[in-house]
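Peer 1: Please build the complete structure, drawing on both the sequences and the hints.
Protein chains in written order, with my numbering: chain A, 38 to 154; chain B, 143 to 254.
Keep in mind the hints are simulated off the structure, nothing from the lab.
Glycine is no exception: its CB is placed at the ideal position from the N, C-alpha and C atoms.
Treat the hints with caution; some may be incorrect.
To be verified - Below, simulated DSS-like cross-link-like pairs (lysine-lysine); rule was C-alpha separation at most 30 Å, straight line:
1) Lys246(B) / Lys92(A)
2) Lys51(A) / Lys184(B)
3) Lys78(A) / Lys200(B)
4) Lys78(A) / Lys164(B)
5) Lys78(A) / Lys184(B)
6) Lys199(B) / Lys78(A)
7) Lys184(B) / Lys92(A)
8) Lys246(B) / Lys101(A)
9) Lys57(A) / Lys246(B)
10) Lys249(B) / Lys78(A)
11) Lys103(A) / Lys184(B)
12) Lys200(B) / Lys184(B)
13) Lys57(A) / Lys184(B)
14) Lys101(A) / Lys184(B)
Said to hold, decoys possible - Stretches of chain A that chain B covers, calculated by requiring three or more beta carbons in the stretch to come under 8 Å of a beta carbon on chain B:
15) 75-86
16) 140-147
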Amino acid sequence: GAVVSQHPSWVICKSGTSVKIECRSLDFQATTMFWYRQFPKQSLMLMATSNEGSKATYEQGVEKDKFLINHASLTLSTLTVTSAHPEDSSFYICSASGRASGGETQYFGPGTRLLVL
Amino acid sequence: GENVEQHPSTLSVQEGDSAVIKCTYSDSASNYFPWYKQELGKRPQLIIDIRSNVGEKKDQRIAVTLNKTAKHFSLHITETQPEDSAVYFCAALQGGSEKLVFGKGTKLTVNP
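Peer 2: Right under this line is the structure:
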């Protein structure tokens with residue numbers, strides 16, 4: 038149980054375009070979803086926390102107008118990187134938690150590798 | 143806020159040996175401590191977790207110990223195998239929050 042999917046797995050785009058990444062909890066209702074960014078050989082950096090039906094809470098230093106997060110249902114959250122630039126290239130990973138998954142336990146999606154040219 | 147320190151950053155052991163990774167945390171209100179294993183290019187996978195009402199938890203070759211007084215917790219892997227090679231992250235749930243704060247990771251290499 039507690040399976041989280043993420044789509045797409047990788048994306049290459051031109052500078053200035055927007056990219057949408059989807060995160061889905063497949064077998065449980067995710068009351069909370071988290072978006073992380075991970076640079077090579079580094080730890081997971083939390084970008085924002087989103088609860089279904091409410092606005093996301095962004096971490097300090099993360100531009101909310103740059104990284105738009107929508108958590109429209111208990112199984113889907115989306116991250117849109119607006120006007121992407123090469124410095125936005127990174128590995129983006131979502132995670133989800135919910136009562137059925139163990140409350141505070143977070144299960145991670147497979148990640149999306151973004152390359153902005 | 144919570145701060146999690148993890149040591150060592152790299153660890154190399156021979157197959158069959160034990161491996162120990164240690165983490166300390168700063169927030170005395172933290173009460174949940176998961177460990178994740180991340181293979182290159184893959185998602186972090188939960189391998190074991192412990193809550194603050196328990197001092198030790200074991201699952202086959204993996205065990206975690208927690209010392210609330212000293213604010214540290216450790217991952218123990220016995221009889222290591224080459225497939226245990228990965229980066230391991232400890233984390234602590236920030237008190238009064240849903241957020242996990244991660245350590246910087248330990249790259250474990252198990253040599254055949």
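Peer 1: It remains to establish, for every hint, whether it holds in the given structure.
Peer 2: Hints and how they fare:
1. Lys246(B) / Lys92(A): 29 Å, holds
2. Lys51(A) / Lys184(B): The hint holds at about 25 Å.
3. Lys78(A) / Lys200(B): OK: Lys78(A) and Lys200(B) at ~28 Å, within 30 Å.
4. Lys78(A) / Lys164(B): 19 Å, holds
5. Lys78(A) / Lys184(B): 12 Å, holds
6. Lys199(B) / Lys78(A): Judged against 30 Å, a Cα distance of about 29 Å means the pair holds.
7. Lys184(B) / Lys92(A): 29 Å, holds
8. Lys246(B) / Lys101(A): Satisfied, since the Cα-Cα distance of roughly 25 Å is no more than 30 Å.
9. Lys57(A) / Lys246(B): 28 Å, holds
10. Lys249(B) / Lys78(A): Roughly 9 Å between the alpha carbons, so the hint for Lys249(B) and Lys78(A) holds.
11. Lys103(A) / Lys184(B): Between Lys103(A) and Lys184(B) the Cα gap is close to 25 Å, so the pair holds against 30 Å.
12. Lys200(B) / Lys184(B): It holds: about 25 Å lies between the C-alpha atoms, which stays within 30 Å.
13. Lys57(A) / Lys184(B): 20 Å, holds
14. Lys101(A) / Lys184(B): 27 Å, holds
15. 75-86: holds (count 5)
16. 140-147: As far as the stretch 140-147 of chain A goes, the hint holds, because 7 residues have Cβ atoms under 8 Å from chain B.
In summary, this structure violates none of the numbered hints.
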